[in-house]
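Participant: Below are the chains, spelled out letter by letter.
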Amino acid sequence: MPQYETPLGAGPGAGGPLIRFDGVVKRFGDNTVLDHLDFTVAPGERVTLIGPSGSGKTTILRLLMTLEQVTDGVIWVGGEPLSHMPKGGRLVRANERHQRRVRRQIGMVFQQFNLFPNMTVRQNITEGPVHSLGVPRGEADRRAAELLEMVDLADKIDAHPTQLSGGQQQRVAIARALAMRPRILLLDEVTSALDPELVTGVLDVLRTVAETTDITMLLVTHEMQFARDVSHRVLMFDQGRIVEEGPPEQIFGDPREERTRAFLHAVLD
Amino acid sequence: MDFFIDRLPLYLSGAGTTLVITLLGAALAFVLAMVVGMLGTLRNRAARAVATGYTETFRGVAALVLMYWMAFAIPQLTPYEIDPVFAAVLALGLNVGAYGAEVVRAAINAVPRAQIEATIALNMSWWRRTRSVVLPQAWAQMLPTFGNLVIELMKATAIVSLIGVADLTRVAQEQRAATGETIAAFTGALVVYFVIAQLLIVGMRLLERRANRRLGRLPASDTGLWALLRPPPATAIGGGRR
Amino acid sequence: MTWDWEFTGKIIPDLLDGLVVTVQATLLGYVLALVLGLAVALARRVPVLGTAVFAVMEFIRCTPLLVQLVFVFYLAPSYVSAFTVGVAVLGVHYAAYTAEVYRSGIEGVPPGQWEACRALSLPPHRTWGAVVLPQAIRRVIPALGNYLIAMFKDTPLLFAITVGELMYQASRIGGVYFRYLEAMTLVGLFFLLVSVPSAVLIRRLERRYAAV
Chain A
1 MPQYETPLGA GPGAGGPLIR FDGVVKRFGD NTVLDHLDFT VAPGERVTLI
51 GPSGSGKTTI LRLLMTLEQV TDGVIWVGGE PLSHMPKGGR LVRANERHQR
101 RVRRQIGMVF QQFNLFPNMT VRQNITEGPV HSLGVPRGEA DRRAAELLEM
151 VDLADKIDAH PTQLSGGQQQ RVAIARALAM RPRILLLDEV TSALDPELVT
201 GVLDVLRTVA ETTDITMLLV THEMQFARDV SHRVLMFDQG RIVEEGPPEQ
251 IFGDPREERT RAFLHAVLD
Chain B
1 MDFFIDRLPL YLSGAGTTLV ITLLGAALAF VLAMVVGMLG TLRNRAARAV
51 ATGYTETFRG VAALVLMYWM AFAIPQLTPY EIDPVFAAVL ALGLNVGAYG
101 AEVVRAAINA VPRAQIEATI ALNMSWWRRT RSVVLPQAWA QMLPTFGNLV
151 IELMKATAIV SLIGVADLTR VAQEQRAATG ETIAAFTGAL VVYFVIAQLL
201 IVGMRLLERR ANRRLGRLPA SDTGLWALLR PPPATAIGGG RR
Chain C
1 MTWDWEFTGK IIPDLLDGLV VTVQATLLGY VLALVLGLAV ALARRVPVLG
51 TAVFAVMEFI RCTPLLVQLV FVFYLAPSYV SAFTVGVAVL GVHYAAYTAE
101 VYRSGIEGVP PGQWEACRAL SLPPHRTWGA VVLPQAIRRV IPALGNYLIA
151 MFKDTPLLFA ITVGELMYQA SRIGGVYFRY LEAMTLVGLF FLLVSVPSAV
201 LIRRLERRYA AV
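Residue numbers (full-length UniProt numbering), protein chains in the order written: chain A, 1 to 269; chain B, 1 to 242; chain C, 1 to 212.
These are calculated hints, taken from the structure and not from any lab test. Take the hints with a grain of salt, since some may be wrong.
According to the in silico footprint, chain C covers these stretches of chain B (three or more CB under 8 angstroms from chain C) [as the list claims (entries may be wrong)]:
1. 67–78
2. 144–157
Quick list of the computed label-pair ranges, beta carbon to beta carbon [to be verified]:
3. C:ASP17 to A:ASN95: 54 to 60 angstroms
4. C:LEU205 to A:GLY54: 34 to 40 angstroms
5. A:GLY54 to C:VAL23: 53 to 59 angstroms
6. B:ARG48 to C:LEU189: 19 to 25 angstroms
7. C:VAL23 to B:ALA46: 33 to 39 angstroms
8. B:ARG131 to C:VAL56: 41 to 47 angstroms
9. C:ASP17 to B:ALA114: 52 to 58 angstroms
10. A:ASN95 to C:LEU189: 41 to 47 angstroms
11. C:VAL196 to A:ALA159: 47 to 53 angstroms
12. C:ARG138 to B:ARG131: 38 to 44 angstroms
13. B:GLU174 to C:ARG45: 40 to 46 angstroms
14. A:ASP35 to B:ARG48: 32 to 38 angstroms
15. B:ASN212 to C:ARG204: 29 to 35 angstroms
Please read all numbers here as calculations on a predicted model, not as lab measurements. Ideal Cβ positions, reconstructed from N, Cα and C, are used throughout, including at glycine.
Isolated chain A, as found in the complex (with noise of 0.2 angstroms):
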């Protein structure tokens, strides 16, 4: 079990970024996918991370949400360890109570949905509130109700996710990541499994949660109009490592390196 030498408390604190990886590393057997990572995001910033496929950009959401556990390094949410905990004044990797209670603060939107068929909407969007934070039924049932007005699909609450396309699918799972009320929201190429007459709708709804809430964001997309509209930041990947960062007007109307210019180049014809 590796053990590091950061002493408690020198994460970042309150006031300090909300996420920070530190030295991430991650490896799928002999294959690295994230190289000695470091990067921080600040409360309410929105982060958009571009890059070619393969290069890490997805892996660093599913490490955020606890999907996969990092190699090497300390993944750090809101001042406290998410990888790791602390242990004897040393930090362990942690474990699964741990990590609980840390990735609470953190919602996630799959590029696939992933709403339960076994139940109906409103059922997917209170399950987690009532069953996880214990919030009461009845307020979690006008919370649905609330969140579904949002994302326009009032009518739908007693549907079955079969029976909704998947654009309304993936609207009602924004819904559901919502309803936990996460302080962090990542969203996965959250339109890269629809249709394209139907991807509008869904940037709509994350458009609306962007101007009307403070959710700190990471988004993988490939909507590059989109990641200029709402990102204050753009991190641009390749082969595991951060090759260019900045405003989305400079990473898009400016890049610096040639890289990244390549790959604008690549997804913008």
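Based on the hints, put chains B and C in the right spot on chain A.
Facilitator: What follows is chains B and C alone, placed relative to chain A:
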């Protein structure tokens, strides 16, 4: 035909015994299958070893051998006699439960990884995830094979006639002995067994339809009574018995 | 009364004799089930005959093997041995299962294979013999193997019609000496000794053929 009509009460009481043993055995098998099947999906090695030990042992030994062992070897080993019906229910339940545990384990493992990831994103506990997401989805997949296992269990109850329980088979044996009418005596019992099997099939098919409707996947063609009586669709190869 | 090792040693030869009969009955019955099952699977594709065959097989599958054994045993003429009755009934009963296995295997052959046969104007015996059946049977080998194990575990039922297999020997010993513990436990162990390794073998077969 007269032979059978005259003896209908006898056959019905035998059928009642057969049905009671079937239902008790199925209840025991179901509980064992769920508990052991879920143990088999845990990361804990000891839990998995217990599950494997149980399934390999009780799938390996035929219910008949198990039943005889309980009925005859246990009284020799301990001061206790085991009631024949109880021995039969225990033997059938343990045996079919072992097959069922494999079905449960496979069905749980077949729930897509993406569904589990969604439960993590909603921060659900292990128990909540299992109860609300994994089991309801695995349930629809278990049911067709459970249906086959219930039929197998019902047929296997005939072994209780060998240790003196007055089930349907025993009734047929006695009527043959009393009258010498082999064909009538046994055809009657076989027909009653067949009817019981068909009732069980329809019942299981109803459960299957409900489970599939809950998952929002009921093919339009699969409606009406006729669909319930049709032979089952070609489920997993050799799903019936292993 | 506790375990008696001396008695155990004394009864083992008789039990082994029974085991030989068990294995013989299993293998002969299995061959019958394999051949008859294939015939049934093919017959089921013939319009009227198919429906009739299906009904009979469904009836056999929904009624207890034990009752079928005893029924046929009483009906059979006296010159037919109990062993023959046992093997025949076991084989026919399991043919009802193997037929379904063959059928699913045949249905699993991609339509493109049939179309290719038609495009090449292959005669039926080549279509079936050289293209469809080899592919169908290959993919159902593990499932058929499972039924061999299942049949092995059903052979103790033959003792009800006085076939001298393992269970019959054990129950005879029990009756003679009024001791069932050793014989019955040994029968259980014999079954485990055969079933567990064969289950492992089937799992290997599954890994080898399921990938096709």
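Participant: Tell me the numbers of any earlier hints that the structure contravenes, in ascending order.
Facilitator: Hints that this structure does not satisfy do not exist here, as all of them hold.
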